[in-house]
Amino acid sequence: MRTKADIQKQIIQAVDEVKKTNPMAGSITNSVTINFVANAQLAVGGSAAMVYLPDEGEFLAKAGGATYINVGTLTPIYGQTLPLTAKTLYENGKPWVLDPVAVGIGSLRTELLRQFKAYKPSVIRGNASEIIALAGLWGLDGGTKASNVRGVDSTDSVIAAKNAAVALARWTGGAVAVSGKTDLITDGFAVVFSHGGSHFMEKITGAGCSLGGVVGVYAAVTSPFIAAVTGTAVYNLAGKRAESKTDGPAGFQLEFLNELYKATAADIAGNPFDVEEV
Amino acid sequence: MRTKADIQKQIIQAVDEVKKTNPMAGSITNSVTINFVANAQLAVGGSAAMVYLPDEGEFLAKAGGATYINVGTLTPIYGQTLPLTAKTLYENGKPWVLDPVAVGIGSLRTELLRQFKAYKPSVIRGNASEIIALAGLWGLDGGTKASNVRGVDSTDSVIAAKNAAVALARWTGGAVAVSGKTDLITDGFAVVFSHGGSHFMEKITGAGCSLGGVVGVYAAVTSPFIAAVTGTAVYNLAGKRAESKTDGPAGFQLEFLNELYKATAADIAGNPFDVEEV
Amino acid sequence: MRTKADIQKQIIQAVDEVKKTNPMAGSITNSVTINFVANAQLAVGGSAAMVYLPDEGEFLAKAGGATYINVGTLTPIYGQTLPLTAKTLYENGKPWVLDPVAVGIGSLRTELLRQFKAYKPSVIRGNASEIIALAGLWGLDGGTKASNVRGVDSTDSVIAAKNAAVALARWTGGAVAVSGKTDLITDGFAVVFSHGGSHFMEKITGAGCSLGGVVGVYAAVTSPFIAAVTGTAVYNLAGKRAESKTDGPAGFQLEFLNELYKATAADIAGNPFDVEEV
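For the record, the sequence lines run as chains A, B and C. Quick note on our numbering: the first sequence kicks off at 1 and runs consecutively. Quick note on our numbering: the second sequence kicks off at 1 and runs consecutively. Quick note on our numbering: the third sequence kicks off at 1 and runs consecutively.
Hint data in this document are derived by calculation from the structure and do not stem from the laboratory. Nothing false has been slipped in among the hints.
Identical chains blur together in the list; that is why a pair holds if it fits in one copy or across any two.
In silico DSSO-like pairs for lysine-lysine, Cα to Cα no more than 30 Å straight-line: (1) Lys203 x Lys94; (2) Lys62 x Lys120; (3) Lys120 x Lys9; (4) Lys20 x Lys240; (5) Lys203 x Lys9; (6) Lys245 x Lys19; (7) Lys20 x Lys245; (8) Lys262 x Lys203; (9) Lys19 x Lys181; (10) Lys19 x Lys240; (11) Lys94 x Lys117; (12) Lys262 x Lys4; (13) Lys262 x Lys240; (14) Lys203 x Lys20; (15) Lys203 x Lys62.
Keep in mind that this is a model prediction, so the values were computed, not measured.
Work out the full structure, taking the sequences as your base and the hints as a guide.
So this is what it looks like as structure tokens:
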């Protein structure tokens, strides 16, 4: 069984390794929050690169330490780029993070997310409704056929997505992170509940997307599970600290990025969390 | 005749309703200011979702309380997505806001804006040159054949666009908002002049686009005219407040978003405006 | 030979002219930093407009005082838009700035950058690895066949790119700006080393891209060489000033844009630089 102390030790190693080696995590992500994703990746010590074309996705998949794929604002070329990139990642044993934004909307989005089942994303990060809907799309336990996704918002609670998250993680052999008031991270066996964050996170666009990108940075240097736990921890820590320094969402976003940058390995490992087995 | 007191009462209702119900206003908008649009929509209490693909535009048109369409940075897929989305909005009686950015540039832009005449956008928001040029494109009074649009900037004054705005509003049966030093909003019969704002609004990109998105949020809960008046009022209020707190454009943008978030219904209704009949 | 005093006098003229005439510099640029590019252009006194479609690129090429082309996040339509736009710029004798982001990645990127050799960009701005790789791609002195570009980061030093920069500038008859700790700008005969900036510039995305856009604004009113020197100087000045006002990257970006806005012509001309002949 994983103890809190074990997990904290691995968080510290991951954070230090990123700050030391500046790993590149390429992204194919949506245009709404693409700048926030890149700046968050830089703030924690990683390097960012974004592309759209098939052969460039393939290049990044091979060149990067990990890759972040977010299906938020699909364009036609994604129909070629995403399967090729995901396949390349899978076949080269490279870690990748999937953000199944708004799963259930549109035919291309549905078809792409269906294909990703075979390419086993190392980390899946989403809100509760997205995690439940993805499990449903993949025919796994805890999923539902009908999506409760409303645009990009969740209408389900994190705990309601626990079974789906566990099933997804067992299928991929990686980890799943469910974002909400208390965040849930699982590798299919251990479940971490990570505390902190801020009510302002729902008042800025891209908190979830940029977390996905940051988890990608950590996934370049550690296991999917520790990457997801570490990314979530630094988000909860920075969110809590930032909230105390501002009274509006734009001020919060600025302070949040600054706190991502300032957070030390010990700070991040010390952010409150609980762990249980399933 | 609409009195100021009537309008103020409806502004208060609209602002409170948005804060209470968190309505989703989807957008198909340009990549330059897409993040600002989303964050402004969240700041006033709405929910945002952005897409590019035809069936996803159709989905958002049906699922959202209102939709914002901005033709700023067209890509080829817009040629399919925008007509389908606008048609869906029109046929389903859903409110939508059109931002005819840079009307007069390019063949696809011209063709799309021409088609929108039949789908009667509930609110048209633009600068004076855009409003005059759109009226010209649609063959309405107050328009001119030759566009004075210079890229995304206006070279005409708001008052010069009054006849065009009235003609457009009478055609659509909705409202038109002309942004400038003093903003003009009309439903074709009443004309509101809204005061406030800041010289910094021309020193940041997206003040107009994000206002369009915010008007979309209000249009989900009130009439096009009140939505346009309310959005303009909160922009003028937040702009004036933000200017007093900073001495540079980036500081202004941060404070502006914070003030959008903090503005109460009474604050917004109390922002100075005049009303006249035409 | 160009003296420092001559250069400073021309910097002052360029800065004043931009503040007075608000020249438009259109862009075809990447989606990651497109907002930052526009806001930086506005902050120094220019006007921004971004497009993706072929006939709109052609329009901007003719209508703008100068144009900025950045190949950061290519989509399929760029394959038509960029050659047409570059050709239009060249044939109309209009200044344009090329940012050869991540040269060496992908087939379309390589093909487009190869074609640009004939259209002689007035200013080429990149990091050391990009400048060396572009010279290699164009078969010029100082270039290497194999790219050392790692995603969007440089792995070479500015001074290592001096020969490539000189060769590129002699080919185009314009100027080349190499960004790094100390920045190098050359017209193929004089070399300016510009000092200042901040370590935070590598912790935010888009410092280089937005510099390219700002150089485009200055290129609308002065020579390519002075435009590149002026843009680099205001970046180094604003970077240094901003760093002293913040302790995190997001705070830095805000202060940086504010300082771009506040910098006077005399401030910019007074930013430290050295000049030598080659």
